[in-house]
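Listed below are the residues making up each chain.
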Amino acid sequence: MDVQKLVMMGKQIEKNIPDHGEAHVKIAAHLDSFWTPKMRADFWAYYNSNKDEFPGPLGVAIATLHSQAKA
Amino acid sequence: MTTLSERIDPIRPRIGEPDYGTPRSESDVTVTVTIDGTEHTVPEGTSIMRAAGEAGCSIPKLCATDSLQAFGSCRMCLVEVDGRRGTPASCTTPVEDGMVVRTQTPKLEKLRKGVMELYISDHPLDCLTCPANGDCELQDMAGVVGLRDVRYGQDGHSHLDALKDSSNPYFEFDGSKCIQCSRCVRACDEIQGTLALTVEGRGFNSVISPGGLNFLSSECVSCGACVQACPTATLVEKSVIDLGTPTRTVQTTCAYCGVGCTFNAELRGDELVRMVPAKTGGANEGHSCVKGRFAWGYASHKDRVTTPMIRESINDEWKVVSWDEAINYAATKLKDIQAQHGDNSIGGVTSSRCTNEEIFVVQKMIRAAFGNNNVDTCARVCHSPTGYGLKNAFGTAAGTQDFKSVAKTDVIMVIGANPTDAHPVFGSRMKKRIREGAKLIVVDPRKIDLVESAHIKADYHLQLQPGTNVAIVNALAHVIATEGLINEEFVSARCDTASFNQWRTFIELPENSPEVVEAQSGVPAELIREAARMFAAGPNSAIYYGLGVTEHSQGSTMVMGMANLAMATGNLGRDGVGVNPLRGQNNVQGACDMGSFPHELSGYRHVSDNSVREQFETLWDVKLLPDPGMRIPNMLDGALSGEFRAMFVHGEDIAQSDPNTKHVKAALSAMDLVIVQDLFLNETAAFAHVFFPGTSFLEKDGTFTNAERRINRVRPVMASRTGKQEWEIVSELATAMGYPMHYDNASQIMDEVASITPTFTGVSFEKLDREGSIQWPCNDANPQGTPIMHVETFIRGEGQFMETPFVPTDERSNRKFPLLLTTGRILSQYNVGAQTRRTANSTWHAEDVLEIHEADAQMRGIVDGQQVAITSRIGETLMKAHVTDRVPAGVVYTTFHHPLSGANVITTEFSDWATNCPEYKVTAVEIRPADSSVDSVSTLDDVLQRV
Numbered sequence: 000m001d002v003q004k005l006v007m008m009g010k011q012i013e014k015n016i017p018d019h020g021e022a023h024v025k026i027a028a029h030l031d032s033f034w035t036p037k038m039r040a041d042f043w044a045y046y047n048s049n050k051d052e053f054p055g056p057l058g059v060a061i062a063t064l065h066s067q068a069k070a
Numbered sequence: 000m001t002t003l004s005e006r007i008d009p010i011r012p013r014i015g016e017p018d019y020g021t022p023r024s025e026s027d028v029t030v031t032v033t034i035d036g037t038e039h040t041v042p043e044g045t046s047i048m049r050a051a052g053e054a055g056c057s058i059p060k061l062c063a064t065d066s067l068q069a070f071g072s073c074r075m076c077l078v079e080v081d082g083r084r085g086t087p088a089s090c091t092t093p094v095e096d097g098m099v100v101r102t103q104t105p106k107l108e109k110l111r112k113g114v115m116e117l118y119i120s121d122h123p124l125d126c127l128t129c130p131a132n133g134d135c136e137l138q139d140m141a142g143v144v145g146l147r148d149v150r151y152g153q154d155g156h157s158h159l160d161a162l163k164d165s166s167n168p169y170f171e172f173d174g175s176k177c178i179q180c181s182r183c184v185r186a187c188d189e190i191q192g193t194l195a196l197t198v199e200g201r202g203f204n205s206v207i208s209p210g211g212l213n214f215l216s217s218e219c220v221s222c223g224a225c226v227q228a229c230p231t232a233t234l235v236e237k238s239v240i241d242l243g244t245p246t247r248t249v250q251t252t253c254a255y256c257g258v259g260c261t262f263n264a265e266l267r268g269d270e271l272v273r274m275v276p277a278k279t280g281g282a283n284e285g286h287s288c289v290k291g292r293f294a295w296g297y298a299s300h301k302d303r304v305t306t307p308m309i310r311e312s313i314n315d316e317w318k319v320v321s322w323d324e325a326i327n328y329a330a331t332k333l334k335d336i337q338a339q340h341g342d343n344s345i346g347g348v349t350s351s352r353c354t355n356e357e358i359f360v361v362q363k364m365i366r367a368a369f370g371n372n373n374v375d376t377c378a379r380v381c382h383s384p385t386g387y388g389l390k391n392a393f394g395t396a397a398g399t400q401d402f403k404s405v406a407k408t409d410v411i412m413v414i415g416a417n418p419t420d421a422h423p424v425f426g427s428r429m430k431k432r433i434r435e436g437a438k439l440i441v442v443d444p445r446k447i448d449l450v451e452s453a454h455i456k457a458d459y460h461l462q463l464q465p466g467t468n469v470a471i472v473n474a475l476a477h478v479i480a481t482e483g484l485i486n487e488e489f490v491s492a493r494c495d496t497a498s499f500n501q502w503r504t505f506i507e508l509p510e511n512s513p514e515v516v517e518a519q520s521g522v523p524a525e526l527i528r529e530a531a532r533m534f535a536a537g538p539n540s541a542i543y544y545g546l547g548v549t550e551h552s553q554g555s556t557m558v559m560g561m562a563n564l565a566m567a568t569g570n571l572g573r574d575g576v577g578v579n580p581l582r583g584q585n586n587v588q589g590a591c592d593m594g595s596f597p598h599e600l601s602g603y604r605h606v607s608d609n610s611v612r613e614q615f616e617t618l619w620d621v622k623l624l625p626d627p628g629m630r631i632p633n634m635l636d637g638a639l640s641g642e643f644r645a646m647f648v649h650g651e652d653i654a655q656s657d658p659n660t661k662h663v664k665a666a667l668s669a670m671d672l673v674i675v676q677d678l679f680l681n682e683t684a685a686f687a688h689v690f691f692p693g694t695s696f697l698e699k700d701g702t703f704t705n706a707e708r709r710i711n712r713v714r715p716v717m718a719s720r721t722g723k724q725e726w727e728i729v730s731e732l733a734t735a736m737g738y739p740m741h742y743d744n745a746s747q748i749m750d751e752v753a754s755i756t757p758t759f760t761g762v763s764f765e766k767l768d769r770e771g772s773i774q775w776p777c778n779d780a781n782p783q784g785t786p787i788m789h790v791e792t793f794i795r796g797e798g799q800f801m802e803t804p805f806v807p808t809d810e811r812s813n814r815k816f817p818l819l820l821t822t823g824r825i826l827s828q829y830n831v832g833a834q835t836r837r838t839a840n841s842t843w844h845a846e847d848v849l850e851i852h853e854a855d856a857q858m859r860g861i862v863d864g865q866q867v868a869i870t871s872r873i874g875e876t877l878m879k880a881h882v883t884d885r886v887p888a889g890v891v892y893t894t895f896h897h898p899l900s901g902a903n904v905i906t907t908e909f910s911d912w913a914t915n916c917p918e919y920k921v922t923a924v925e926i927r928p929a930d931s932s933v934d935s936v937s938t939l940d941d942v943l944q945r946v
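These protein sequences, in sequence, are chains V and G. Position one of the first sequence corresponds to residue 0 (numbering that gives the first Met the number 0), numbered consecutively onward. Position one of the second sequence corresponds to residue 0 (numbering that gives the first Met the number 0), numbered consecutively onward.
Hint data in this document are derived by calculation from the structure and do not stem from the laboratory. Among these hints, one or two may not hold up.
Okay, the calculated bits of chain V under chain G, using three or more residues with CB under 8 Å as the criterion [to be verified]:
1) 19-26
2) 43-50
3) 53-67
Calculated pairs, DSS-like style, for lysine-lysine (alpha carbon to alpha carbon, straight line, at most 27 Å) [stated by the list, open to error]:
4) K334/G x K37/V
5) K37/V x K10/V
6) K37/V x K664/G
7) K10/V x K50/V
8) K664/G x K318/G
9) K318/G x K37/V
10) K403/G x K431/G
11) K622/G x K237/G
12) K112/G x K446/G
13) K25/V x K390/G
14) K301/G x K278/G
15) K664/G x K334/G
16) K69/V x K25/V
17) K37/V x K723/G
18) K14/V x K390/G
19) K407/G x K390/G
20) K766/G x K332/G
21) K10/V x K390/G
22) K332/G x K407/G
23) K278/G x K37/V
24) K664/G x K4/V
25) K661/G x K10/V
26) K278/G x K390/G
27) K278/G x K407/G
28) K318/G x K879/G
29) K456/G x K664/G
30) K37/V x K446/G
31) K278/G x K237/G
32) K4/V x K766/G
33) K318/G x K332/G
34) K163/G x K109/G
35) K4/V x K661/G
36) K403/G x K766/G
37) K664/G x K69/V
38) K69/V x K50/V
39) K622/G x K334/G
40) K37/V x K14/V
Ideal Cβ placement from N, Cα and C applies to all residues, glycine included.
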């Protein structure tokens, strides 16, 4: 999939999950529940090279998912 | 020797269901009466006619039928009651405790015979050539009363030369046969609620009239209620005139919308003569619409493909082959693609038009034989946000009520739905309740019929800008929270306190106030406040919603917002309340229940749940993947990037129904293999390499699950025209791929579903045949099913409030595209029109048109009926303009039933944040006269060539 589409989807999810300090957990759960492993991996690869683009909970979420997958 | 009156039973006519003359009384109190010497106990309020009928002492009748309130005009049903003078009409006289009734006396026989003699004196004596011969209540009653002679002759003033009206494509009106019983008029009023028919004139000159020039040009919606109610051949189906009276019946379920009406398919030999709505149908209780009642001719349309076909390239001609060759060709190709590109390079789509059993085997084939979770369903593009939102809030992905519940509702809120067009039989139930006095709030950018029509007027029409649903539902909840209207007792007892408190803090923020939302939505703040107060006051308030809620970038948020509203006001867990999705297709609910989503197995259990997955692995003897597979848009995107190479498309036409047609067609073109299983060579089949011919609903054996979770049997009315059931094809394809799959019949598939799905454990064909239908959950805890959910507790335990911030869509009007296009359905057509376009329903809607407000039309020099070009940033298409005040200035509207109009050529890639349900309901467009453009679009073909 076009990674820019994944970025757009990720940012849309981030905008729609209110953040009271735990949004990254909900976003991570959402990506884990509904995205394929390849979508998550592709998004992680993009995130890893463009971290400045993800200052909010979305970046934390994808990093968390990646570390969980590695573990 | 039997007499005529013994052979003809007015209660049980030869074709059709028993007719007890008047409706059943719902009273819990009983009374005992003596009828013709025998005691009978019946509910208080029961008519003498019905009590007698239930006791087996049927009373002659003509103007009475048990789907209508008693009228008392025909004077055929007179009886004698001890202690009372005269001969009261048994249909309008309720029984009383201790009452002694005689239905057969010499006096009554003389009276009835005299009345019948008058009827026959003004009736054509052409019984032998009449289309209702053998199925005519007047004929039957003449026999019952023993009429042998008519003393008056037929030379006087009569109606025998009354004109026929054949304008309706499905039925004929012959005034000469009318007996003025008014059953047709009352059916149109009481059942359908259109009030299209009337009695014109007085006394002997009175005639039934559709109000306009003829039936076709009148307000009649062709639901067929009048035809069904008619006791003679005055109103009769043209198919009966052509084919003759049916001789046998098979009960089955309609394959159109999510109401799921039960029909008696009436046949003559093996030829289907007519579809008559069944009074025993749990969803429809004897009513129907123009689609289910009449639009079944597509099943035998000449366009049906009944043999398998293959081709190497989509540029080749189709080659007709045997089933074995087609299945082996497809299996070999699928395996080759997987060998070359990996297991995840293939997937499939299940269809909400197919049976639960067919859907279950398709998702099983994909998970077990394809070896991945790349299965999705067309619910992706309609009600996937319903599944997401209601599961989060209540714990299960389904509506909360049965359809009957609306009869107990005091305040009905319709959001983004058009029940009178898209779910007409339920729409009639709703209108009946509104006529009885229920309040109505409509939230819709468009002035749908419910806003104002015969005897219906919405108390509030919140005519919001497309894309602002969430702002409106938040504003409604804001009023309820800030004005002390929350049902604290319900919330405290039933809902999660922490989530409620967090939600309350959020919803009371000024940003959610009606005054702020007015600027976003265009709805006056005071209207929002008044509507909110009305909803909170109830006492029974219910929300009914459709795709105008879900097909938005915040579809899932909106579903959760409505759940919040229902919980905050305590409107869950009893009759008359609830959050109720009106499902688009006949088996959307079932498709979701059966495990069609890439992340869920049947019963909405996530594939990552090890214990659940292990159950399936044991039963299916295969290893399943624990991660979600691709959704439809992922598959299409993956095709363009080369990672997804083959798709099995079961009974869907994604090239027409999915958004951004150019993108969909490019993706289909990029695939190495597309397998289409369908009735027709649809738009998607143009990109297919294998075509498996499917079966129509008249040939299927299985079940559909409607919007109220009601599992209905679908029984084969005729043999499969392809020689196979659809689940057989899928099983054979799976087997050819190396995963043996075999069932002897559809019942075995449902048994497998029941064995592994907790909400279905009590379901079987045998039980469905015995009970008629069952609403899931049906299990040990609820052996007879569950009409109303969340009665004592929510499925998830405590109801979960969710914060629902309004996030405006990125699709906005601007200088280049200043109008917002939204889409919907029309009564006579269904979805992409593959079925209804192949019937006479196209009489009413031969093409899609663009509704545009007069101000927008004038500004662009557009007049009514003119061809216009509709342009979005995605594409361009052509339609005729219809200038109307149904849409506000700044908003245009169309339907998507015709492939040539290509509504989805212009819809965008935006989708719901949680589910990727496409944002069909908001597309920024510009409109211009098609023949005045500099870049002139001369023909529709030109447009389609560009796509």
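Within a Cα-Cα threshold of 27 Å, do K37/V and K446/G meet the stated pairing?
Roughly 45 Å between the alpha carbons, so the hint for K37/V and K446/G is violated.
Below or equal to 27 Å on CA atoms is what counts here, so check K318/G against K879/G.
Measuring from Cα to Cα gives roughly 38 Å; hence the hint is violated.
Taken at face value, is the distance from the CA of K390/G to the CA of K25/V at most 27 Å?
Roughly 15 Å separates the two Cα atoms, so the pair holds.
Proposed proximity, K407/G with K278/G (alpha carbon, max 27 Å)
holds, 20 Å
Keeping to a limit of 27 Å between CA atoms, is the pair of K664/G and K318/G held or broken?
holds, 22 Å
Next pair to validate is K332/G with K407/G; report whether the Cα-Cα distance is within 27 Å.
violated, 56 Å
Check whether the Cα positions of K334/G and K37/V lie no farther apart than 27 Å.
holds, 21 Å
Sort out whether K390/G lies within 27 Å of K407/G, counting only the CA atoms.
holds, 25 Å
Check whether three or more residues of the segment 43-50 of chain V sit with their beta carbon closer than 8 Å to a beta carbon of chain G.
violated (count 0)
Against the 27 Å threshold, does the CA-CA distance of K403/G and K766/G hold or violate the hint?
holds, 22 Å
For the pair supplied as a hint, K318/G and K332/G, is the alpha-carbon distance within the 27 Å limit?
holds, 16 Å
Pair hint outcome, K37/V versus K664/G [Cα-Cα no greater than 27 Å]:
Status holds; Cα separation ~24 Å.
The earlier numbered hints that this structure contradicts are 1, 2, 3, 9, 11, 12, 14, 17, 20, 22, 23, 26, 28, 29, 30, 32, 34 and 37.
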